[in-house]
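Enquirer: Sequence:
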Amino acid sequence: MSIQSDPVIIIGGGLAGLFCALKLAPRPVTVLAAAPIGRGASSAWAQAGIAAAVSEGDTMEKHVADTVAAGDGIVDEGIARLMASEAAVRVHDLLEYGVPFDRDLGGKLQVSREAAHSESRIVRVRGDMAGRAIMQALVKAVEDTPSIRVMEGYVVEDIITEKGAVTGVIARTEAGRGKQVKLASRTVVIATGGIGHLYAVTTNPSEARGEGIGMAARAGAMMADMEFVQFHPTALDVNKDPAPLATEALRGHGATLINRAGERFMLKIDPDAELAPRDVVARGIYAEVTGGRGAWLDCTKAVGTTFAEEFPTVYKYCRDAGIDPAVEPIPVVPAAHYFMGGILTDEDGRTSINGLWACGECTSTGAHGANRLASNSLLEAVVFSARIAAKIGKGEAKHAEDWSKGSIDRDDLVAEADTAAMSRLRKTMSASFGVIRDREGMLEGLTTIVALETTNRDAAFRNVLATAKLVAVSALRRQESRGGHFRTDFPEKRPEWQHRTFLTLADAEATVDEMMELA
414 MSIQSDPVII IGGGLAGLFC ALKLAPRPVT VLAAAPIGRG ASSAWAQAGI AAAVSEGDTM
474 EKHVADTVAA GDGIVDEGIA RLMASEAAVR VHDLLEYGVP FDRDLGGKLQ VSREAAHSES
534 RIVRVRGDMA GRAIMQALVK AVEDTPSIRV MEGYVVEDII TEKGAVTGVI ARTEAGRGKQ
594 VKLASRTVVI ATGGIGHLYA VTTNPSEARG EGIGMAARAG AMMADMEFVQ FHPTALDVNK
654 DPAPLATEAL RGHGATLINR AGERFMLKID PDAELAPRDV VARGIYAEVT GGRGAWLDCT
714 KAVGTTFAEE FPTVYKYCRD AGIDPAVEPI PVVPAAHYFM GGILTDEDGR TSINGLWACG
774 ECTSTGAHGA NRLASNSLLE AVVFSARIAA KIGKGEAKHA EDWSKGSIDR DDLVAEADTA
834 AMSRLRKTMS ASFGVIRDRE GMLEGLTTIV ALETTNRDAA FRNVLATAKL VAVSALRRQE
894 SRGGHFRTDF PEKRPEWQHR TFLTLADAEA TVDEMMELA
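Residues in the sequence shown are numbered consecutively from 414, following our numbering.
Quick caveat, the hints were computed from the structure, so don't treat them as lab data.
Worth double-checking, as some hints may not be accurate.
[What the hints assert, rightly or not] Capping the alpha-carbon separation at 30 Å, the derived lysine-lysine pairs in DSBU-like fashion look like this: (1) Lys436 x Lys521; (2) Lys714 x Lys521; (3) Lys729 x Lys553; (4) Lys475 x Lys681; (5) Lys521 x Lys553; (6) Lys521 x Lys681.
[Stated by the list, open to error] Derived CB-CB ranges, DEER-like: (7) Thr901 x Glu930: 42 to 52 Å; (8) Thr718 x Lys906: 36 to 46 Å; (9) Gly519 x Gly491: 32 to 42 Å; (10) Ala438 x Lys521: 21 to 31 Å; (11) Thr718 x Arg852: 19 to 29 Å; (12) Pro513 x Glu565: 19 to 29 Å; (13) Ala597 x Glu565: 41 to 51 Å; (14) Asp902 x Lys595: 43 to 53 Å; (15) Glu909 x Leu508: 54 to 64 Å.
Idealized CB from N, CA, C, for every residue including glycine.
Whole structure, please, built from the sequences with the hints as guidance.
Expert: So, in structure tokens, the structure goes:
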């Protein structure tokens with residue numbers, strides 16, 4: 414059977430997976446999703462929108478420059494340019510799928526500004542409802558497309574490979590609690606999202622545990638930039654898991670950050686104050702919170718009485734927590750939000766394993782560098798999922814030979830999910846690999862990850878732990894501070910580290926042994 418006539422399996426029911434499936438139509442596709450499509454996906458919770466240079470005075474070059482600047486020295490500029498150049502076309506695709514992006518009185522797309530953008534270029538829906546509206550439109554489009562078969566409640570545990578090429582996947586029914594099934598395919602697309610739920614405080618759903626990344630790593634795929642985790646500065650500090658998000662657009666509207674004394678603490682940290690890059694603002698808020706001074710987002714003057722109309726999602730979150738954001742500041746705290754690292758792919762979504770493709774937050778394309786520019790995440794998902802579909806649709810399923818690392822053997826052990834272990838891992842990741850890091854704390858965290866591996870045999874949890882280990886090793890290796898990776902023992906950027914990092918799980922495991930001996 415030729416690769417072109419093989420069935421396509423897409424793992425993940427979020428934006429990247431569904432967009433790829435739609436772009437592949439009428440070619441038959443099977444989408445495997447742990448939760449009902451559109452749910453359990455971070456995309457559905459995205460508030461701000463999609464970054465695209467579609468307004469008068471803005472240009473693709475400006476968008477690229479802002480992306481490169483935010484990425485703190487290690488963005489792949491060619492990838493960023495490709496992504497920005499295809500932004501307008503992908504926004505048009507979403508409009509055709511029925512996404513009701515905001516328009517002005519003249520019928521033109523209405524845009525807003527966010528931190529670290531030099532222009533207003535965020536295409537949104539009703540202020541802060543872009544993610545939900547996009548997913549609703551795509552779910553309907555998928556349901557109306559006969560060539561797409563959706564299998565909900567299937568947790569993929571393993572990628573099957575032979576001689577460095579994909580031959581299928583092993584999944585478990587009933588959201589990971591049922592029987593194992595094997596699906597054959599030589600064309601598999603991973604679109605499983607990020608790793609936010611590895612952290613105790615996150616804006617991500619529980620499905621975002623890095624399972625797809627760990628699964629690809631265990632199959633031998635090359636990973637990249639695994640040390641770079643972005644913490645959103647302004648999650649609502651209201652003891653909810655996941656933590657509700659106060660969109661960046663609020664600060665774009667002029668909302669300010671204050672501590673208990675009413676001081677605008679960001680003014681002394683960065684000349685752009687509240688509109689500084691996310692990693693800078695996150696550390697500023699983290700310092701206030703851990704210092705006992707607390708942090709609040711004050712929208713009372715910038716938004717005030719129009720809050721409910723302009724930002725209905727955030728308004729509802731606040732009111733559910735007993736806060737009226739129109740007249741009182743919102744308590745905020747940094748939360749794990751986005752992962753810049755992941756499965757290494759090229760500009761067309763190819764991984765280092767023949768027949769395995771990846772798109773969305775589970776990947777590391779190089780577009781984000783060390784720190785993602787706001788609203789580039791949804792853009793990356795649609796741009797590269799469309800590029801994958803274009804290549805698969807033409808039968809171009811070759812891969813970059815020099816990336817190939819082959820496959821590894823694995824057990825087929827099955828066990829009930831260990832929620833106590835997951836809770837311990839989340840606390841460990843937050844304490845050791847969070848907003849602030851140092852060698853001693855990271856070694857302690859790595860020791861816990863290794864201990865969890867020896868005591869837990871659950872198939873899905875092995876993938877989660879593989880991802881955590883890759884983050885840990887990459888963070889320990891990078892002896893500097895850059896973007897989303899900040900070390901108190903190496904607080905400055907170092908020129909010798911101005912490059913991306915690449916490693917396989919085998920590399921990481923060899924490094925773990927060395928680190929444990931040194932510790």
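Enquirer: Against the 30 Å threshold, does the CA-CA distance of lysine 729 and lysine 553 hold or violate the hint?
Expert: holds, 25 Å
Enquirer: Is the straight-line distance between the alpha-carbon of lysine 714 and that of lysine 521 30 Å or less?
Expert: holds, 28 Å
Enquirer: Given the proposed pairing of lysine 521 with lysine 553, does the C-alpha separation stay at or below 30 Å?
Expert: holds, 25 Å
Enquirer: Glycine 519 and glycine 491, beta-carbon distance inside 32 to 42 Å?
Expert: holds, 35 Å
Enquirer: Go ahead and decide if the range 54 to 64 Å is satisfied by the Cβ distance of glutamate 909 to leucine 508.
Expert: violated, 46 Å
Enquirer: Per the hint of 36 to 46 Å, is the separation of the Cβ atoms of threonine 718 and lysine 906 within bounds?
Expert: holds, 43 Å
Enquirer: Looking only at beta-carbon atoms, does the pair threonine 718, arginine 852 fall within the given range of 19 to 29 Å?
Expert: violated, 50 Å
Enquirer: Has the hinted range 43 to 53 Å been met by the Cβ atoms of aspartate 902 and lysine 595?
Expert: holds, 47 Å
Enquirer: A range of 41 to 51 Å was offered for this pair. Does it hold for the Cβ distance of alanine 597 and glutamate 565?
Expert: violated, 20 Å
Enquirer: Does lysine 436 pair with lysine 521 here, judged by a C-alpha cut-off of 30 Å?
Expert: Holds - the C-alpha atoms of lysine 521 and lysine 436 are around 25 Å apart, at most 30 Å.
Enquirer: Taking the beta carbons of alanine 438 and lysine 521, is their distance inside 21 to 31 Å?
Expert: This hint holds: roughly 29 Å between Cβ atoms.
Enquirer: Is 42 to 52 Å right for how far apart the beta carbons of threonine 901 and glutamate 930 are?
Expert: violated, 24 Å
In the structure shown, a violation is registered for the earlier hints numbered 6, 7, 11, 13, 15, in ascending order.
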